[in-house]
Amino acid sequence: MAVDGGPELVQLLTPEGVLVEHPDVALVLTDEQWRERYELLVMVRRLDAEATALQRHGELGLWAPCQGQEAAQVGAALATRPTERIFPTYREHGMAYVRGVDPVTLLGLFRGTTLGGWDPADHGFNLYTIVIGDQTLHAVGYAMGAQRDGAHEGVLVCFGDGASSQGDVAEAFVYAAVNDAPVVFFCQNNQWAISEPLERQTRIPLFKRAAGYGFPGVRVDGNDVLAVEAVVSAALERARAGGGPTLVEAFTYRMGAHTTSDDPTRYRTTAEGEAWRLKDPIERVRAHIVRSGIADAAWLAEVEGRAEQLGEHMRTACRAMPDPTPTSMFDQVYAEDHPVMDRERAWLTSYLAGFTDAPHHAGAGGGQ
Amino acid sequence: MLHEFRMPDAGEGLTEAEVLSWHVAVGDVVRVNQVLLEVETAKAAVELPSPYAGTVVALLAEPGDVVPVGQPIIRIEDAADAAAEPTAEAPAPPPTERLHEAFGGAFGADPAASAPAPSAPAPSAPSPSAPSPSAADPAPPAGPQGGQRQAVLVGYGIREGSAKGRRPRATPHGAEHVEPGPPGEAARPVRIGGLELGRAVEDRLGARTVRAKPPVRRLARDLGVDLEQVVPTGPEGTITHDDVTRAAQAAAQSEAVPLSHVARMMARAMTESAFSAPHVTEWVDVDVTRMMELIRTARGREDLAGLAITPLTFAALGLARAARAHPTINASLADDGEHLLVHRSVHLGIAVDSPRGLVVPRIPDAGELDLRGMADALGRLVATARAGRSRPEDLRGSTITITNVGVFGIDAGTPILNPGEVAILALGRVLARPWVVDGAVVAREVTTLALSFDHRVVDGALGSRVLREVADFMADPATALALG
Chain A
1 MAVDGGPELV QLLTPEGVLV EHPDVALVLT DEQWRERYEL LVMVRRLDAE
51 ATALQRHGEL GLWAPCQGQE AAQVGAALAT RPTERIFPTY REHGMAYVRG
101 VDPVTLLGLF RGTTLGGWDP ADHGFNLYTI VIGDQTLHAV GYAMGAQRDG
151 AHEGVLVCFG DGASSQGDVA EAFVYAAVND APVVFFCQNN QWAISEPLER
201 QTRIPLFKRA AGYGFPGVRV DGNDVLAVEA VVSAALERAR AGGGPTLVEA
251 FTYRMGAHTT SDDPTRYRTT AEGEAWRLKD PIERVRAHIV RSGIADAAWL
301 AEVEGRAEQL GEHMRTACRA MPDPTPTSMF DQVYAEDHPV MDRERAWLTS
351 YLAGFTDAPH HAGAGGGQ
Chain B
1 MLHEFRMPDA GEGLTEAEVL SWHVAVGDVV RVNQVLLEVE TAKAAVELPS
51 PYAGTVVALL AEPGDVVPVG QPIIRIEDAA DAAAEPTAEA PAPPPTERLH
101 EAFGGAFGAD PAASAPAPSA PAPSAPSPSA PSPSAADPAP PAGPQGGQRQ
151 AVLVGYGIRE GSAKGRRPRA TPHGAEHVEP GPPGEAARPV RIGGLELGRA
201 VEDRLGARTV RAKPPVRRLA RDLGVDLEQV VPTGPEGTIT HDDVTRAAQA
251 AAQSEAVPLS HVARMMARAM TESAFSAPHV TEWVDVDVTR MMELIRTARG
301 REDLAGLAIT PLTFAALGLA RAARAHPTIN ASLADDGEHL LVHRSVHLGI
351 AVDSPRGLVV PRIPDAGELD LRGMADALGR LVATARAGRS RPEDLRGSTI
401 TITNVGVFGI DAGTPILNPG EVAILALGRV LARPWVVDGA VVAREVTTLA
451 LSFDHRVVDG ALGSRVLREV ADFMADPATA LALG
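Heads up: the sequence lines are chains A and B, in that order. With the first letter of the first sequence counted as 1, position 219 gets the number 219 in the working numbering; the numbers rise by one all the way through. With the first letter of the second sequence counted as 1, position 202 gets the number 202 in the working numbering; the numbers rise by one all the way through.
Be careful, since some hints might not be right.
What the hints assert, rightly or not - Under 10 Å between C-beta atoms, here's a sample of chain A residues computed to sit facing chain B:
1. Glu50
2. Ala53
3. Gly61
4. Arg148
5. Asp149
6. Glu153
7. Pro264
8. Tyr267
What the hints assert, rightly or not - Non-contacting residues of chain A with respect to chain B, defined by C-beta distances greater than 10 Å in every case (computed):
9. Ala49
10. His57
11. Leu62
Simulated from the structure, these hints should not be mistaken for lab results. Predicted, not measured: the structure shown is a model, and the values here were computed from it. Just so it is clear, CB atoms sit at the ideal spot from N, CA and C, and this is done for glycine as well.
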């Protein structure tokens with residue numbers, strides 16, 4: 001079982017909350033920045049816990065928990081500039097939160113009331129991609145576009161250890177490499193592709209695959225928010241400067257189930273979970289900020305209070321979320337009016353009007 | 001306000017879940033997301049957190065109950081109404097503690113220790129603020145979170161009254177059953193991982209876990225193998241497909257022989273028929289001496305050489321004629337149960353023991369055939385079937401059937417209807433037996449006919465009439481054929 005990241009693991013904050021130095025990577029945060037990172041981690045865990053609970057309440061069809069991966073997601077998202085595009089999988093709730101996507105908006109997709117729910121341009125955050133690994137190709141294409149625009153910006157694309165076996169990811173690596181695309185491949189290696197362990201995906205550490213494509217790869221402690229931010233910042237800086245792609249393997253652990261339909265106790269040992277629990281990404285930050293006097297108990301309680309409020313906000317808003325009108329599906333197909341869509345919308349509208357309980361279809365669809 | 005929490009679909013598209021254990025009791029004050037109960041679905045054992053804060057008014061399911069998705073499992077009286085009473089003894093936990101709860105203990109605390117549910121074991125005397133379920137029933141929850149909001153879109157799936165989903169096991173577990181079940185119980189994963197919300201530190205570290213992938217678990221269930229007893233040989237102590245197969249073979253007192261396609265079809269058809277159509281069987285002994293004489297005469301005729309004229313030929317002719325004369329016996333009950341489909345032609349099915357098993361090829365338009373035509377059709381049909389070359393279209397669409405058990409040296413039986421038909425005739429062997437003719441016992445060649453019919457469609461009068469006509473035909477076929 002994979003618990004130890006090995007000697008090449010970049011780490012700046014140990015699981016015990018002690019800052020350590022690394023010969024190649026460094027990042028110094030102000031007290032305010034430390035508190036900000038801690039609060040982000042807590043909020044992300046809380047929103048993930050609430051969404052998981054909402055699925056158990058019967059309010060969501062599905063949820064893909066990110067518990068355990070908060071530091072990887074928060075650290076990497078913080079390393080980007082707000083103008084730089086992030087391409088997520090379906091588990092990057094932490095990145096969405098950093099990018100200002102209301103967690104309630106995420107719920108719509110898992111409740112089945114929206115097909116995505118946010119405008120990628122508003123947040124620099126692409127829509128969740130369910131097809132495994134697809135987004136790496138989208139990101140490389142986007143990065144090559146930015147490159148041709150002379151934009152000097154980087155692109156961050158997420159995928160997992162399971163997706164590393166996908167052809168799309170291999171193709172994305174090839175295109176990015178030969179085009180020096182300004183993209184950072186951010187692989188959250190959470191050790192399990194549903195029930196398939198890492199040793200069924202690769203014979204070598206994933207970050208070493210980059211060498212075969214001709215760009216650098218680095219393995220970072222994915223539960224160390226500081227190290228992730230530092231490593232991804234450096235990789236993005238390299239991309240902006242025309243240095244080409246980098247593969248960052250964030251070595252982490254999915255503490256929860258693959259999705260709420262999965263039961264990890266059927267394929268993982270408790271000992272493995274316990275070992276990873278000792279490397280908790282939030283606990284180490286808390287230990288550091290408490291020990292160094294950056295935060296006191298009162299402030300920690302305030303954060304927890306705000307996390308509770310976030311949970312309540314999600315719960316209330318999720319239950320009140322309107323059902324979409326049947327005709328709304330035509331609205332998102334083309335950016336502008338389209339005669340075929342108009343025709344099909346008109347047909348569906350008249351068809352729906354033929355039912356005796358038709359009136360509510362014409363409204364905004366409150367569903368109450 | 002009174003809330004009902006309905007069984008959610010904890011997987012995708014599940015229809016039911018089994019209640020394993022309750023973590024709360026009537027009278028307990030619960031917080032939002034406090035674990036209420038553990039359920040097991042076809043996919044996983046999961047803990048269900050409370051959507052509401054308040055006092056538990058009623059538990060609507062017992063451990064072991066299999067509850068359809070969407071059915072209420074617990075009633076909780078809103079905290080807003082119940083707040084005044086319980087606060088003194090159960091103050092709202094500080095945020096830290098709730099965070100520990102919600103965060104699965106990653107903050108280092110043990111939620112089990114920090115969140116004892118205050119027990120108020122007085123279900124027989126509900127407190128004034130907790131209305132009895134019956135009093136609360138007529139008042140459905142109102143407002144934006146009301147009961148109308150059972151959208152198909154969310155985790156309740158489509159309600160289908162008594163839909164039966166696949167479940168991992170049949171035997172219910174009690175509340176505290178965490179150790180492996182007794183031998184012989186169907187395989188069940190012992191849950192020791194604490195990866196569901198709200199459970200951080202498990203108290204089950206010592207328990208041995210069966211590690212096997214779902215298909216292997218499925219195989220074990222199908223073969224009746226207890227995974228607890230299987231020695232694992234797979235990586236990291238996992239039980240493999242082969243381990244289960246070996247264990248099954250070691251335990252097996254009988255060999256499981258896979259059924260051929262034909263045999264499976266037979267099993268399905270006979271089950272369907274036997275349990276949908278109420279069968280009545282009547283039988284009659286017939287003196288067929290004259291028929292046998294006619295057969296012997298025919299065999300000596302050169303112009304009939306090559307034609308297999310047998311008792312079956314006459315039984316087929318007799319039944320086809322009777323069916324033509326009484327169309328109600330040549331019919332099917334329509335799927336709606338309200339119509340009888342009376343078939344215009346008699347397509348006579350003949351049950352044949354082929355190398356692949358029992359098949360029932362048909363003779364189309366058998367009611368139109370004369371002796372020569374019937375003998376010819378039967379001969380070809382049986383030869384084709386025994387060679388295993390019947391075409392699928394030949395094996396469908398019969399309207400009434402004969403089974404010839406006489407060829408096996410048997411007198412009679414109670415045949416089961418070919419599905420979709422309402423009558424089937426069994427022809428027994430022809431044997432010389434003592435028979436009374438004109439007051440004297442003489443040796444005559446006698447056979448037994450048995451007719452089973454679907455009593456939903458055919459009453460005893462019609463069934464008897466048809467059987468009698470077949471018997472009369474076979475008693476003197478030459479006369480019947482000559483005179484019509």
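Evaluated hints:
1. Glu50: holds (7 Å)
2. Ala53: Holds - the Cβ of alanine 53(A) comes within 10 Å of chain B, reaching about 5 Å at its closest.
3. Gly61: Holds - the Cβ of glycine 61(A) comes within 10 Å of chain B, reaching about 5 Å at its closest.
4. Arg148: It is violated, given that the least Cβ distance between arginine 148(A) and chain B is near 41 Å, above 10 Å.
5. Asp149: Violated, because the Cβ-Cβ distance from aspartate 149(A) to chain B comes to roughly 40 Å (cut-off 10 Å).
6. Glu153: With a minimum Cβ separation of about 35 Å from chain B (threshold 10 Å), the hint on glutamate 153(A) is violated.
7. Pro264: It holds, given that the least Cβ distance between proline 264(A) and chain B is near 5 Å, below 10 Å.
8. Tyr267: holds (7 Å)
9. Ala49: Since the minimum Cβ distance to chain B is about 5 Å, alanine 49(A) lies within 10 Å and the statement is violated.
10. His57: Non-interface label on histidine 57(A) violated, nearest chain B Cβ at 4 Å vs cutoff 10 Å.
11. Leu62: violated (6 Å)
Consistency with the previously given hints fails for numbers 4, 5, 6, 9, 10, 11, ordered from lowest to highest.
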